[in-house]
Each structure stands twice: as structure tokens, then as C-alpha cells.
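Protein chains in written order, with this note's numbering: chain A, 119 to 588; chain B, 137 to 502; chain C, 42 to 563.
Hints are computed from structural coordinates only; laboratory data are not their basis. Hints may be right or wrong, so weigh each one.
[Claimed, not checked] Partial pick of chain B residues on the chain C-facing surface, computed with a CB cut under 10 Å: (1) Ala158; (2) Arg468; (3) Ser495.
Since the model is a prediction, treat every value here as computed from it, not as a measurement. Ideal Cβ positions, reconstructed from N, Cα and C, are used throughout, including at glycine.
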Amino acid sequence: MTYARGTAHPWMANSVESTKQEMLAAIGAKTIEELFEQIPADHRLSRPLALPPALSSESELRRHLIQTLSKNQTCEANLNFLGAGCWQHYVPAVCEEIVRRSEFLTSVFGSPMSDHGRNQAWFEFCSQIGELVNMELVGLPVYSWGCAAGHALRMASRITGRREVLVVKAIDPERLSVIRNYCEPPEMSDHLAVTLVAYDPATGLLDLSDLRAKLNERVAAVYFETPSYFGIIESQGAEIAALARAHGAETIVGADPISLGVLAAPADFGADITVGPTQPLGVHMNCGGGVGGYIASRDEVKYAREYPTLMISIGETIKAGERGFGLSLFHQSSYGMRDKGKDWTGNSVYMWAVANAVYMSLLGPEGFHDVGTLILQRAHYAAKRLEEIPGIRIRLEGPFFKEFVVDFNETGMSVAEINRRLRKEAIFGGKDLSADFPELGQAALFCVTEIHSQSDLDRLHSALSKALAS
Amino acid sequence: MIVNPIAGMGGPVALKGTDGPADVATALRLGGQPLANDRARRALMALAATGPLEIMTAGGLMGEDAVRQAGHRPIVVHHPAASSTSLDTRNAAQEMRDAHCGLILFAGGDGTARDIFGIVEDKALMLGIPTGVKMHSGVFGTTPESAGQLAALCLSQDAIQLQTCEAEIMDRDDRPGTDGRFATRLFGYARTPFERRLIQSAKSTVGHGDDASLEALCAQLAETLTPGCLYILGPGTTTARILHHLGLGGSLLGIDAVRDGRLVGRDLTESDILALLDTGPAKAIVGVIGGQGCLFGRGNQQLGARALARIGRENVIVAASLNKITGLKPARLFVDTGDISLDAVFSGFIPVQIGPGRSVMLRVGG
Amino acid sequence: MTNAIKLRNYHAAVWDEPVVMEMGHPGRRGIVFPQAEDALRAAAGSIDAMIPASMRRKARPSLPELSEPEVLRHYLHLSQQTLGMMGISLFGTCTMKYNAPVNEAVVARPELAQVHPHQSEEDLQGTLEIVHNFDLILRELSGMDQFVFQAGGGADAAYTHCCVTRAYHASRGELEQRDEIITTIQTHPCNPATAAAAGFKVITLMLEEDGYPSLEALKAAVSNRTAALMINNPDDMGIYNPHIKEWVRIVHEAGGLCFYDHANFNGVMGKIRAREIGFDACMYMLHKTFGAPKGGGGPAVGAYGCSEALAPFLPAPVVIKTENGYALDSDRPHSTGKVREFWGNIPQVVKAYAWARSMGAEGINEASDISVLANNYMEVGLLGIRGITRSNPDVDSWRMEMTRYSLETMKAETGIGTLDVQNRMVDFGMDAYWLSHEPWLVPEPFTPEAGEMYSKEDLDYWIAVLAQISAEAYATPDLVKTAPHNQSIHQMKYESLEDPDRWAMTWRAYKRKRPSVGNSDS
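Hey, can you work out the whole structure from these sequences and the hints?
Structure, rendered in C-alpha cells:
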């Protein structure tokens, strides 16, 4: 049924005509129209809105939405090897249940007393991220990994008073684009110059000699990732951090938290600030709408004062022995203030922080160890199987975690064509790198996680063999 | 608690102040009513919520009566003569200072504030119950009740909401200047309490304190002064910060001048300034003075109409904290240089710098 | 009218729930993963060979060890200790809406949840169709020519505007010269903050007695350095600036762009269109006006729309309709680049689309009618309560969808200010109300926004709660001062939160700074 005035809309209690009349009578107005007297007539829209017909009936609306969304193909019905910043990990049902709780879903700001449970869940997110990265100071999440990296680079610039940042070249071009926006174009007086540091074409590791050549006393920070965009575990973290420190620069490390049950915590090899994605921790891909980013550091005032994020601290109430969780550093004051403010904050992805907290609680220390181990085994099995196929090789020799670069150059076929053929076998092939990294030629980034069984990977092997053979 | 019993009497009958026996007589003749005791009592009532207190005060109408009427117990440290004078205010303040009193609450106006400040300086917090005719100083609560509640906060054990800041002590000169006008001067900076709001709702931008922002602005201004240009710095703590960033010591209450990182004049008179202006291009950096938003003409008369005309409106940089600006009711500045045509030049909107790259457009009125 | 209302006997859940970090028992598991198949494990080789020694984690992270039901119950308890919109939330400037469960049910399905943004366009047709059709709906509501949904919130959309502004002026060779953005003191602070973060200088205009800044102030602020104007209208005092067309003209004449922050769209939706007033760009918050939930602060969407002239500078990709369906247009050489990875919080876009489809043109118009009616209805009740006054008392026209009130009188007469009242409200199951953006121009402010969802009885009840608190402020102020009394916990002490030696943003910091806690942990 199409909604029309005169029928009460199920989402608007006061759409009953007699209620409106009662309210008008109470305020002494004759019509609702006269309440808009502040808006000059020539500002008003002169015709009715032309929108598609209303679907006020929930059953019609639901049907329409599902029919439309069904035009999507899913990673549930297909076998997916896309990652590249948004990864298919298993999302436990408890995470799904908790993030649909109306209390959490509908909370706005509340107060530390009335939204106590939500604040505690936030604190538990920060506490558990802190354990994974071995750092004591963790902010509430920001929009994405790229936003976290951008903020961290700006923090480093404010801390050091320097205006150049070194960023590893083996980085997601989307993330780099976000970072460049955060660093401002050269015309702006506060521009931070972004200099890319080469990666070793053989191993995929950061090129230390290029880093040495580019480090100087103007550099505010060195930013690299482990695992990198190409999936490579950066084994030179300690050397990179030492070089940065020797030049007075901050070391910022991007780290995928789901790897941290088996890979070293960034603080342990010298990270000053750690950033990374939160989507792997219990959030569906949601067509890219599941991403979020964390920022962590040592609990030192010089870092704390520069965070752009909300900070939630455990504290006490007026009742002895009772705990609460309140916003800290909300009234950022004088310390460390340079010639800029501390960016901004607003709505972010705090609901996902609750999902992340649930996920980390479910896994615990053994769960993170197990999932990391399983991912390594499956990814390495997949890489080995693919290498068996003539014309395919694994491009980079460095150690890798869940993603790896598959080189198709010798097949004489484009990644686009290969993926088209895989698609016919209900497989989403790896992310095509040929446009973003022309030096790699026809190469794709494959992502293998704990969800891929041996038979899934064998299926990929045979589908790829078939695709290349035909 | 110090009450100036005659404060404010002249206001309703259009006197410019009630600063001595002659003013009181005039005020009474014109129908003025004493109101200081009542204002003081109202403030002390707001303090009563914390329970009856022992309050150090002066005898009779100078505080003892108001303290009793509000249900507190007075400890009289000074007994004034029958008709008290400013000497009684100073004597009472002296006793309180010597007794290490933490907060002096007073009912009066600029004259009373100046008397007390002359004795206690920054050794005790000062908080004014608004009573006087003239209240250019920055130490007054908005209402007697709000002053009382702030005083209560000072007593509270849980004092996280309590903060203090510097506030100008300003008053009209006792004698007219050469032009026959009574100048309002800046006498110094007292410390006064204010309530810090502890807001936990997240819907706001993570900012930085107003003061931090102003501090950063002062640092930036100090770093970016144009070489060869003479900078005339008005009185006050804002310009003092700029001097501090330059590694220079200025006069705080007077006008100083800087060129190429060197202090070329300190506590300048109008003629000093005019002479310096002959030496090359010049700009002026001034703060906003007092609780009523004075740009020129109160507390900085040395920077007079002739000098300002030569410097030019476009070369005047105004700096203040956002807090100070939003505290102005109404939100506008005023100039009173004594030269109506120059006042007109400065009227309209002027940018006030509140931080690096941040300014507020404020209306300037005569 | 409000005196007859009997207040409910509310009390929040008190679970006294421990921090998850101190729960559980060594060896417990909340989830187990599949065993690697024998053949797979054998072929993959040893884990040690896969991780260089320097990068191996030496010790397990100190995470809690709990069974699955323990985790579920813990977080259910925490949800129950969260008030959210379980009572009545009239949180001003946030436009509290009904968050329909049908939307949650739909977006949780694999057709959206299990979709990867890098899938080929033909495999994303459902999402692209909804995004495009919602773009069309927003175009109709605003008069703009193109929307993007990449921004992760309203502030991020304001930031997007700053990025687009940079790209636009850079394309004309004027970016170095145009480094100033003008805003007003009552415009949402994300506008000056994002402008500053994007590298612009910010000029703020103060309000005059009639509730908005003067044209004269704007004229004094614009120059050939003006990059953009960023403004709300009405702002959150519910006062509409009738000269806004002239404002836009003046800024355009100076060469600047005009951005309409439509955070307060609810009172004017269906009534005015940003583009027709002359604005070059605008922003809607899908997590407020368009019915997607707040989630305690996201995931959110700031839908950013602009004119055809600005469209080339938008963050890529843009969803377009082609002969063969829908596509992602990423080849946009003038684009400012990305403000966030991928193309937006798509579930929120779907929920907003669902809201707009359910309401339709008539419903959207009626929602703004009802929200303005409800706000003015509340004014009558609220102004009858002792100690409450409203901002700009001399502006006697009907307010829009919000009104700012002041408890200055109550504070002066009782010592009870707006923060105290806010703390006491939650004792009645009412969400803490919105105060005001900083700086407070109105002393002791509060700003309710009735919206279109709540019933007249709900509004009466909310007013009755405020009347009750006012009565308490005058009779038993200590009761209000020490509130809340019926909540999950008592009033927090905020001292330690600001003290570097005592604040603790993580459990590990807490254990270090409060050694006694570490002992009880074992």
C-alpha cells in the first residue's frame, strides 16, 4: 500500500490527524504550515517532491530490498580470494547477535552512568587491542586503517615539529590516497610531504638502503606495514625502527590484528605508534562498509595529547569500590599544542568496536594463536598448490601471512581474463594489481584465510589450471 | 567577605561611580539606595547550601551584617569607622591576606576591586559580587548567586571543576588627564576562580583549550613578525606572551615596542609612541581589555588617537581567547579614543585572532 | 497537563559486571577453529619456517579465556546496562529516529554482509542499484547533481567538502591564494575543525541579537582569500537565517564555494532545497535524518552531494547508471582522492534508502511537519517549568525543529545547572539530553529535539520528568546534585580521567597504575 496522508504511518505516532489538531490547539496555531513562517516564501520548494512511491508496508519494503540485493553475488555462494583491505574471516554468531542489540544500536552519547555497559565494552575493545599490540594507550577506532595511518602521521608531525613522512611503497593505493589527503596538497601551508620508500622487488621487504637514503632530520615518521599490502611479513622491523629513531623520527607500524597471535607485537620491534584495521575482528565485509581503524601507542603524555580519537578511561564513581568508564582527554589542554589543533572526531565505527571486543573475548590467547596458525597453513598450502601450475609463480620471496602476490606474466593471459574464467567456476580470483603496480605486470593479490578448507583450495587449483589450459 | 556599603549607589541615578563621600551624598540626594549589603547577602545565601560557615569579614555594613543575615558566623577582622572608606577596605584586605585567606569575596565595583588587589595582589583569589557602577575588571560573577556558587565550589573538597584564571583589575583614574577625561587604567592581574564544565557527551570536536590556542597564536605571532617593522604592543597578558616568546620582558601594564626581535621601547607614553612611529612602518598588536570588550580607550590610552590614525586600522592585530570573546555580552568590542572620527574608522567588523589560523569577526562599536 | 502524569518507577539493570579482562579461567575456549587437514598441514610445512625468528610472537597475548556462553552473557549484561533509546531520547541535533528492525534484518543477510567491494561490477548490481537510486532520492531532496557516500560520518563529509574545495581551487590555480573558510559560531564544530585539519584558516562569525550573524559581518569576512562558506541553517537553536540566499550570493561573488551542513535537515526536508538556495554542496547524515541507527557513534554515513561543477572533484568511485546496469566510475582525473577506503558504509546507505522508501515524498514532508509541530508543542510545556527559559527570547516566531533552552535561572536560584539535570534525567529512564555545542553562548543550555517518532504522550512524559527535576532542584537540590541514583552505576568521579598518572585507557595500564588491582586479578 502506498502511504498517503490521512493514514497513520507506522513509524510516526503523531501522524494521526486528531493528535496534530490537539497539539496545534495547545500551542495556539491553526495550521502546521504557519509554523514554517521563518522560511521566506522564495526559499520554499514550489512543487511536490518527486520520489518513488512509498513502500510503507514492511512486507513490501522487505521484498523490494531483498529482491534488489539479490542481484549481488556473495562470497558465501562463491569461493572468494579477494582481500586487499577487506577480508573474509569467520564472524562468530555471538558477534552478530550482540551488534544487533537495540540498546547498543540506538545509543547516542548518553552518559558514563546511563550508557555504562557500552562504555565498558569500548574499554574492553581498547584493552584487548592493547594486549595484541603490547601497548597501553589505545583510542576508540577511527573510520578506517587509512584514516588511522593518516592521523598517526599527523600526530608524529605535531610531536616532532617536522613536515615530511616516509611511507612504504608496497601499500594499498586506496590507503595511500587517504593518507595523501590527510597530508594535504603542496599548496597548503601545512602540507606534509609524502615520500615513498621502495620495496625490494625480489622479497617485497622494505628496501633499507632506500630508507637510509631518504631518512634525514626533516622526517617526522616512517610508516610501514606488516603484513604488507602484498602480504609480506616485514622481518626488518627492528632495523627500520632503529634507523628512524636515530634520525629523531617516529616509527609507525600498520599491523593486521588477526595476525598477532603468531606474529610479534609491533611494540616489541620498536613501533612508537601502531595502527591497523579492525574489520578482521568479527565484522563482515559488508561491501567495504565493515572497515575501521585503530591507533595505539605507549602511554606517554606526548602521544596521549595528540590523539584525535575519543579516549575511554576506567575510573571510579562516588560509591567506594565501584568502577565506571568515562571519556578522558576530552578537554585536551595546553600540553604539546603546536600550530594546529588535533584534527577532528565525530561519529566513527564504535558499534564495530563492540563486535571487535566480543570477537577478541571469544578467541582469547589460544584462539588468536590457532587462527593465526591456521591462516598461515592454509595460505602457504594455497601458494604451493598454485605454484604447481605451469606459468604461475609466487612473485615475492619474503615470508607471508594471509595474502600473496600471484604472478601470471608467464601465462600470457591478463588477470582480468583469468578472473573472468574463474568467475564462471563460482570463484572470485585475487585482486588485480596490474594497474596499480605496473612493475608487477599481470599479477594478482590472493587472500586465503581460516575459512578456506583444503578442498576449497584444491578447487581453486583445478579451476585455475583449467582456466589457463583453455 | 568585604562589602563596600556604598558601591553601586550612584548607578541608578546616573553617576559614573560612587567613589567617595561626596558621591554618596549626591547619590542619596538623587534617591540612590544602598544595595551592596543585599547583593552580598544573596551571594552568601548561595553559599549556605554547604552549611553555616565561619567567614572572615569586616564589621557592620562592611560584611558582618550580610554574613549573619545569610546564616553564617562572622569573624570580624576589622572594625570600620561609622562611614567606611576605601582605607577600611584596604585594612580589611590586609588582615585577610595576613591570615592566608584563600578567597576574598567582595561586593563592590572596580574601585573596590582595585583597593583589594592593591593589598592582596595574586596571594588570594578574588571574586566580585557585581554591585558597582563601573565593572570593567574581569573578576565579577554574572550575578550575586553565581558568585556565591563559585565561592562554594572553592570550598568544595572535590574541586576538579575549579579552575582559576588571570583577570584584569581596571579602574578609572582619580584625576582627569590633560584632556580633561578620566582615563580607565589597567592596574594589574588578579587571580579569579571559574567553573570548569566536565562534559562527557562525545558530540563535540576534540579541540584544545582556548588558552592553549591563544598560547600557540602568541608563539606564531612572535615567530612571524615582519623584519624591519615596528610593533607596538598594547598592555595585558596576551601581548606579554608574545614578548615572552621573543625572550623579552615587557611592562605588562604599559605599552611596549619591538622591532627585529629587540625591545625598542618599554612602558611608552603617547609622545614616545609618536616619536617611534617616525622611524618606519608600524603595526600594533593589542588584546581585548576588561570584561566589557575594550579595544582602545580603557587601560591603553597611551596608544591614542593620533598614533592609531598613523598606524591605520589594517595594521592593527587583535588577539584574544575565544573564551574571552564569548564572555562578552553583547558580543562586541568598543573603542573610545576620544576622537570620534577615528572611532568611526574602527567601527564595523574586525577580525580577532583566537588561535593560529583562527579568527572571529567582531563588531566594533563606539 | 503534565501534573497528571504518574512517573514510572524505573531502575536500570545493575549487573556489577566485571571487566572481561578479569573473567574466565585458563584453558577455556570461546571458539575453536577447524583443524588443518592432515595433507594440508603436511604440504604447508612448519609454522616456524613461515615466520622469521625476529617476527615470531614469543608470549601469548594476555586476553581473557572464556567459554562462549560466558562471552554472550557478559555482553548481554553490558547491553542491558546501556540505556540507549530504551526510554525516550530527545537528543537535539541528532534527530533521534526509529531504527526499524526490518532494515537490520535485511542488511545482515549474505546478499550484503558477505559481499566484497572488489567484486566485479556485474556481481555488485544489487548494491549499486540501491546506492544509485538513493543518490537520486537525495538529488531530488537537495537539487544537487551527484552524491557520494564514502564519508564515514557527518564530520567526514565536512572534511570531504574541504578536500573538494582544495581540488576545485587548485584546478583554477587559486588554492594558495584561497586559504580561508568562513563559518559561524553556531555551525557544528566539525566544520571549523575539518577546515583547519584540511589546512584552511577559519574565520568565525558571531551571532547578533536576532539569532544569526549579520550580512555586514559576512561582507567584512569575505575576500579573494575566501575558499568556502560552511554553515548550518537553521542552526541548533531552531532559528532560520532568512538572508541565506544573499549570503550565498556574496560568497559566490567573492569566488568562494558554499557548503550547506544539513545536520538539521529534519525541520526543512521537503520544504527547501539546498541547490535552489544557491549552495554548491550539502551533506546529510544518514545515521540521523534517514533513520539508520547511531550505534553509539557509527558506523555512520555523511552523504555528500554537490553541483555538476564540483562533481569532477568528488572522491572516487562514483556509482553511475549505464546502458548495461550500474557501474563504478573510478576514472576521475580531477578527483580529490579518497577520504576513506572503499565506497562507504553500504549497510547504512541501504537502511537510509529503506527509510526514504518507506516514508515516500508525503511521509518525508509529514515528518518535518510533525517534528516542527512537536518542538513548538514542547516549548509550551517546558517554558511552564520553573527555572527554564529559552534562547533569543525576543525572537517570537515559531521555532523550527529544535529550541535551545537555558537553566541559567535555575542555576542562579538553586545551584542546580544543566549538567546536574542531565545526570538526574537518566534516573527516569530518559536518555541524557543534548546541551549545546561549545562554546556555550546560552548559559546552562539544553536542546531537546522531539522529531517525528515519539508520541504526544512521550513528549508529555519527558516534560513531566523535567518538571519533576525542577521541583527537586528547588526543594532537594542535593538529590539532583548527587544523581543518578537509579542507574547501573553512581556518579563518576572525573578527576582521575585527566591525570596521566591515573588515567587508564586499557586494562594493562590500569593494572600498572593501580597495582592492587593486579593482585586481585589472579
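Here is how each hint holds up against the structure:
no. : hint   : in the structure
1   : Ala158 : 35 Å, violated
2   : Arg468 : 8 Å, holds
3   : Ser495 : 5 Å, holds
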